[in-house]
Amino acid sequence: MNMSQIDLFSTLIGTTDVKKKISIGSDVISYLQDPSNGIECEDIGCFIEGIIQWLMSSNFKVSLNGLEILGLLVDRMKDDFRPFLQGAITPCVDRLGDTKDSVREKANTLILKCMDKCAPPQQIFERLLPGFGHKSAKVREEVLLLLQTTLNTHSAASLSLSRLVPSIVKLLSDPSAPVRDVAFATLVEVYRHVGDRFKQDLVNKQNVPPSKLPALLSKFDELVQNQQMLPTAMRIDGAKQEDETDRGLSKSAVKRSTSAPPVRRNGQIPTAKPVSGPSTTSQQCATPVASSGSIGAMDESLFIQLFEDVPRIQIFSSKEMEEHMNSIREILSNTNNEWDKRVAALKKFRAILIAGAVNYDEFYQNLRFMEPPLLISVKDLRSLVVREACITIAFLSQQLGHKLNRFSETVLPALIGLIPNSAKVVSTSGIVAIRFIIANTHAPRLIPILTDKMTNKSKEIRKHVCEFLDQLVHAWPTQKMEKYSQQLQEAIRKGIADADLDARASARRAYYGFADHFKDQAAALLNSLDPHNKKALYCDPTQPMSNSSSHSSLNNVGRTPVVKKPSSTSTESLQKIPIPRRPAVPVGLPNGTPSLSARSNSAIELQAVQRSKLRSQQYAAAQRMKIGSGASLREAALFKAEKPFFDLSERGFIINKKIESGNPASRK
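Mapping the sequence shown onto this note's numbering, position 223 (from 1) lands on 273, and the numbers just tick up by one.
Hints are computed from structural coordinates only; laboratory data are not their basis.
Keep in mind that this is a model prediction, so the values were computed, not measured.
Incorrect hints may have been included.
[What the hints assert, rightly or not] No more than 30 angstroms apart at the CA atoms, straight line, and that leaves these computed lysine-lysine pairs for DSS-like:
1. K185 <-> K369
2. K188 <-> K220
3. K513 <-> K453
4. K533 <-> K513
5. K530 <-> K509
6. K544 <-> K569
7. K111 <-> K150
8. K513 <-> K474
9. K453 <-> K530
Turn these sequences into a full structure, and let the hints guide you.
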């Protein structure tokens, strides 16, 4: 067959002769069932529209052939069939009420196939909504059965059940007894997937007929007792309880006025997951940004709490979704609007996300138009507007994941610019939003944006960029970082040598994560460090190389050997004595405690103590002279770097203890 075969069929399917239609239908089915036959033609849309007309034929064989042909086209075209969904679904709903079982089954199969290959189940059910109120009782029954099949095939997370449940509840009072029974069974099936959250919503918000409610609740309890609930229902309930507990703790933490330092718990951020209805469940958050005593400071737990602190909105069509987004865009684009109006618009944006806006193809096109207004909001002079913008961006990242790559690249520089802001709510909001982006949106182009900031004059920016790099190298897969591994290596090197103490600590942690992905580059980075920074990397108490057992390999990364410190017989004996660290600044002694230099002992004189101190200082100077004359420059530098671990000039009192055991008269 050549490319024009489908065009040839297009000229034949318009015939009014039923027998010819059946014959042509058989030929088309045979043609499409052969994978080697192409479907390219001048106008595939004309061919599909002609086949859709067959679904409305009064002859069941013609309708059956039409459903079979459309199913084969869906298998071939997959996403390319999406523009024809609306035209195909409407007559398909009518065929669900056909008197022939074979036609009903084929229509059901076609709809399920569209869910698998063309569009998400929620989009299909948007087009099936009229079926819940169809004039044919058989159609209403079949749509309910189709919903049960979808729940068991795609799970409750694939549907916005809040928009479907009112129609199901209404069918509990349907004139047809089979429809009422199937509606009852459908509600039970929804509860089996969702759990107690659905039960509470059903009792409090839905107009369930009083005669049906006790039987429903009894059936729900029976499912629980017989352990027939699905794991998704138990997981949702458990996550909700944990979330509520976590939120309760955050509220009490905000009220406290203590100045406790921030606690780092595993450094994890909630990961992305799809929006499944008006009440999404968020995981517990970690890595608080600021202490609870910081007034106005934000952290991940507060962000998660505020994600769903929005008005409830219902969306029933893509047109309605676009109208909402257009109004939000107009409000945010005009900075002359009142700040509280802009805050309300940002909350409304999150509300339409929860309502299922992401299930519409038009959403992503409209999201691109939302980039400039959101950037304006991030740079707004009102701190509350900035906070809501950061919360909205974090929520977008959590829900969309990698689909937010382009937008996250655009907004990241603006978020980094918030870090040095003197307003705590602005600064911490920007930090938390960046953490959500790094956790959920693994866009490789974010890496050079972060690494370029390591040369920024602001130490706050450098410090937090090192924290972001630490999070990134521990959370992202290797393939996402390969292209920019050199930039990561250089940024970590700068961080390890940064003037800020916290930046250096975060950079050292980032080094160990980097070594897990790129061992050779980590070895090169280690060898390029000066002895002081290399020693700090070895002795980091939070990393495995700081173990006292041995300075073994750094995740099998090569390193230069450490030169052993020169020692003599006298120093070796001193090194074996456990010596506590002493502060450089003298610390006041408690009342009644004599100072070390002023103590009196019957076995030792004060002058002998002073002479011993002088000798110890001279001895230490002589040791340094030996290092300078007998060792290489590199060894001397490393010895000097290791000197703080033991300094005889600071440990004069040890010599004094030795003197006490001898005869002081022999040293006069």
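These are the hints, each one checked on the structure:
For the given pair, K185 sits about 26 angstroms from K369 by alpha-carbon distance, which is consistent with the 30 angstroms threshold. Taking the CA atoms of K188 and K220, the gap is near 16 angstroms; set against the 30 angstroms cutoff, the hint holds. A threshold of 30 angstroms between alpha carbons decides the hint, and for K513 with K453 the separation of about 29 angstroms falls inside it, so the pair holds. The straight-line distance between the Cα atoms of K533 and K513 is roughly 24 angstroms, inside the 30 angstroms bound, and the hint therefore holds.
The suggested pairing of K530 with K509 holds, with an alpha-carbon distance near 28 angstroms, which does not exceed 30 angstroms. At roughly 18 angstroms between alpha-carbon atoms, K544 and K569 fall within 30 angstroms of each other, so this suggested pair holds. Between K111 and K150 the CA atoms are separated by roughly 10 angstroms; this keeps the pair inside 30 angstroms, and the hint holds. Annotation: proposed proximity of K513 to K474 holds, straight-line Cα distance about 16 angstroms (limit 30 angstroms).
Annotation: proposed proximity of K453 to K530 holds, straight-line Cα distance about 15 angstroms (limit 30 angstroms).
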